[in-house]
Amino acid sequence: MSTPLIGVSKSILKIKELINHVANTCLNVLITGETGVGKEVVAQNLYAESARNTQNFVKINCAALPETLLESELYGYEKGAFTGAHKKRPGKFQTADKGVLFLDEIGDMPMALQSKMLHVLQSGEFSPLGSDHEFKTDVWVIAATNHNLEKSIAQKTFREDLFYRLNIIKIEIPPLRERKEDIPSLIEYYFRLYSSEYPNNNGSKPGSDILEKLCNYPWPGNVRQLQNCIKKQMILNSWEKILEELPKDQIQIPVAPQFETSYQSQQHGINNAFPTDRTSIISQFVDLSTSSDKLFEDISLKKIKKLASDRVEKEVIAFVLEKVGWNRSRAAKILKISYKTLLYKMDEFEVSPPR
Amino acid sequence: MTESNRLLIVDDNEDILSTFYEFFNSMGYEVKTAVDGFAALKLLRDKSNFFDCLITDLVMPNISGVGLISIVKKEYPHLKIIAMTGYGDQPGALASEAKADVVLFKPIDLFKIENTVSELINQEKEIQ
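Those protein sequence lines, which keep their order, are chains E and P.
Quick note, my numbering runs 44 ahead of the 1-based positions in the first sequence.
Quick note, my numbering runs 36 ahead of the 1-based positions in the second sequence.
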């Protein structure tokens, strides 16, 4: 049974109405929103309202698997296609035939696979690894991402043609802090759900002043963070304590999805579900919302060192330039670098005098 | 003109929308407007046989122009559709694939688009 879409805000009601109008069109859908807003819930609701709801709903996370594995998961392989392919295995495109294929974190799909995906979406045909045959596939593709794909296109990490092909219907889920009126009904729903899941819990519903505080908290980790709090409350039975433990000083409202700190996806259970100073510093340079595999691939000390020092250098250069009234040769002398290096760095960090 | 032709114009840019509205109104058309694909779809489902021609932008929130064209061509195959795009070739190609009758690239001369509209509507009337 899929989770219903909970909420009374205008935006959630509009999303429900939109789902209702498009669920039977089987046109490609792109769902966007910060981590934890409920992109998969929307995908499942689309599926549940469509005529395909008796067929499979197949999910794949494009960020969790290395490129080659993702490819074989999507398209399947023939026996002997590569070392270790002892027997033929169907891919997600095959298992999802006549049903729904939910491509989560599509923004993290490697470029090479994006081209292949585009081909499949255009032609409706795919071939498993090691096979000469093209198979017809009839899947309804629903994709989701927390990236701003327009930005990814500009940075050449996402194919424009694939974007337009997926973006036929776009469902944008606003962060929880922009729809506070949904918080009471979310608490009500998840409180009931977890109470029945853990019948021996100690939880209680929040009183009105606690509820008000909960509604005013910005929930950087969105619905998933709220869910974690409710679960935690089932054990602690103290909303005061939950409120106390919510990170307050360092709340970073994500400016851009790339800077999301994604508190929950660290998957270490409840105790580590909230950020520390450490994660908030690291998250400025690495996307912590991805799976561990992807994260470990992304974390490179050399890369982070460069990003961190660039950021500080940029600030220092701008600071000194402002102090000396944008006299570049004086600034270069103060910074103890050559004039040429300063110009180069100003260009690189896009530091320019105010107009 | 005994009975005025009915147009539905869809664009998320309200300036363009009001320019089109004024222009086609002054040319004797009965015009309705919508700011995105979803609003347009609701209007169409509400009055399915009302419109003669749909003019739609392609890149819009919620239901894109391409999505709208696909749905309309399936549900109301007789409705003529003109797609307009200002975003390069991709959306235009998808609009043709979705069987838009005409795809025009912005900026578009209003008189030219009016010509296209009246040609399309007359074509349809001749068939009937």
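Worth flagging that the hints you see were computed from the coordinates, not collected in a lab.
There could be a bad hint or two in this list.
What the hints assert, rightly or not - Think about it this way: if two alpha-carbon atoms lie no more than 35 Å apart in a straight line, the pair counts; the simulated DSBU-like pairs of lysine-lysine are:
hint : chain 1 : residue 1 : chain 2 : residue 2
1    : E       : K60       : P       : K109
2    : E       : K160      : P       : K110
3    : E       : K103      : E       : K249
4    : P       : K109      : E       : K58
We went through each hint and held it up to the structure:
1. E:K60 - P:K109: Within the cut-off at roughly 24 Å; holds.
2. E:K160 - P:K110: Within the cut-off at roughly 28 Å; holds.
3. E:K103 - E:K249: Roughly 34 Å between the alpha carbons, so the hint for K103 (chain E) and K249 (chain E) holds.
4. P:K109 - E:K58: Holds: K109 (chain P) and K58 (chain E) sit about 24 Å apart, inside 35 Å.
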